[in-house]
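Engineer: So the chains spell out like this:
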Amino acid sequence: MELIFKAVIVGVTGAVLTVLIKKTNPEIATVLAFAVCSLIAGLGMRMLSSVMELISLAQASTQISSAYTAPVIKCVGVGICAKLGADLCKDAGQTAVASTVELCGAGCALYVSLPLIKTLLQLLGELT
Amino acid sequence: MDVELIFKIAAVGILVAVLNILLSRSGRDDQALMVTLAALVVVLALVVQEISSLFDLIKHLFGL
Chain A
1 MELIFKAVIV GVTGAVLTVL IKKTNPEIAT VLAFAVCSLI AGLGMRMLSS
51 VMELISLAQA STQISSAYTA PVIKCVGVGI CAKLGADLCK DAGQTAVAST
101 VELCGAGCAL YVSLPLIKTL LQLLGELT
Chain B
129 MDVELIFKIA AVGILVAVLN ILLSRSGRDD QALMVTLAAL VVVLALVVQE
179 ISSLFDLIKH LFGL
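These protein sequence lines are chains A and B, in that order.
My numbering puts the first residue of the first sequence at 1, with every later residue one more than the last.
My numbering puts the first residue of the second sequence at 129, with every later residue one more than the last.
Using 30 Å as the maximum straight-line C-alpha spacing, the simulated DSS-like pairs for lysine-lysine come out as follows:
{"id": "1", "chain 1": "A", "residue 1": "90", "chain 2": "A", "residue 2": "23"}
{"id": "2", "chain 1": "B", "residue 1": "136", "chain 2": "A", "residue 2": "6"}
{"id": "3", "chain 1": "B", "residue 1": "187", "chain 2": "A", "residue 2": "6"}
{"id": "4", "chain 1": "B", "residue 1": "187", "chain 2": "A", "residue 2": "74"}
{"id": "5", "chain 1": "A", "residue 1": "83", "chain 2": "A", "residue 2": "22"}
{"id": "6", "chain 1": "A", "residue 1": "90", "chain 2": "B", "residue 2": "136"}
{"id": "7", "chain 1": "A", "residue 1": "90", "chain 2": "A", "residue 2": "6"}
{"id": "8", "chain 1": "A", "residue 1": "6", "chain 2": "A", "residue 2": "22"}
{"id": "9", "chain 1": "B", "residue 1": "187", "chain 2": "B", "residue 2": "136"}
{"id": "10", "chain 1": "A", "residue 1": "6", "chain 2": "A", "residue 2": "83"}
{"id": "11", "chain 1": "B", "residue 1": "136", "chain 2": "A", "residue 2": "23"}
{"id": "12", "chain 1": "A", "residue 1": "90", "chain 2": "B", "residue 2": "187"}
{"id": "13", "chain 1": "A", "residue 1": "22", "chain 2": "B", "residue 2": "136"}
{"id": "14", "chain 1": "A", "residue 1": "6", "chain 2": "A", "residue 2": "23"}
{"id": "15", "chain 1": "B", "residue 1": "187", "chain 2": "A", "residue 2": "83"}
{"id": "16", "chain 1": "A", "residue 1": "118", "chain 2": "B", "residue 2": "187"}
{"id": "17", "chain 1": "A", "residue 1": "90", "chain 2": "A", "residue 2": "22"}
{"id": "18", "chain 1": "A", "residue 1": "74", "chain 2": "A", "residue 2": "90"}
{"id": "19", "chain 1": "A", "residue 1": "118", "chain 2": "A", "residue 2": "74"}
{"id": "20", "chain 1": "A", "residue 1": "83", "chain 2": "A", "residue 2": "118"}
{"id": "21", "chain 1": "A", "residue 1": "23", "chain 2": "A", "residue 2": "83"}
{"id": "22", "chain 1": "B", "residue 1": "136", "chain 2": "A", "residue 2": "83"}
{"id": "23", "chain 1": "A", "residue 1": "74", "chain 2": "A", "residue 2": "6"}
No lab work stands behind these hints, which were simulated from the structure alone.
This is chain A alone, in the form it adopts within the complex:
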């Protein structure tokens, strides 16, 4: 449970150090912000792996075929990556780049969920 304390401490010290360096050379401050982001995201992801095990356990016990749950999990991963990248670009002052990263994230999420949509349409076709 001490993960949250470590994340807060790392985040706050990183933010303070970023402000310290920003005045003289802002580019190193931006790279420092990237490092702090990836560190805290790494901490969060390791904690998330236990959640993933629970999901696969639940899926095995309820015999839902993985064709339905895999795209959902992939969409979550694509969303997290796109959001992280877009916010990093915004921090660096490039809002246009951030919006293109978000656009690409949305495209990837849609691409990942294509098979799901196909099975849904087939299901609807059988109903009517």
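Guided by the hints, dock chain B onto chain A, whose structure is given.
Structural biologist: Frame of chain A; chain B shown alone:
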């Protein structure tokens, strides 16, 4: 290892800030720019490993 990375980058940043002021005060502005570029390359090399390990973790975790 991870928290030292932040302090390493902050130390490089502070060192470069001091060096820049020293060099610009003594009139050698071009060398100040060189120092900043070199420090940026060093810091980027440190951070790139961290970011790639993060994306590998995400790829492994979400099955991307």
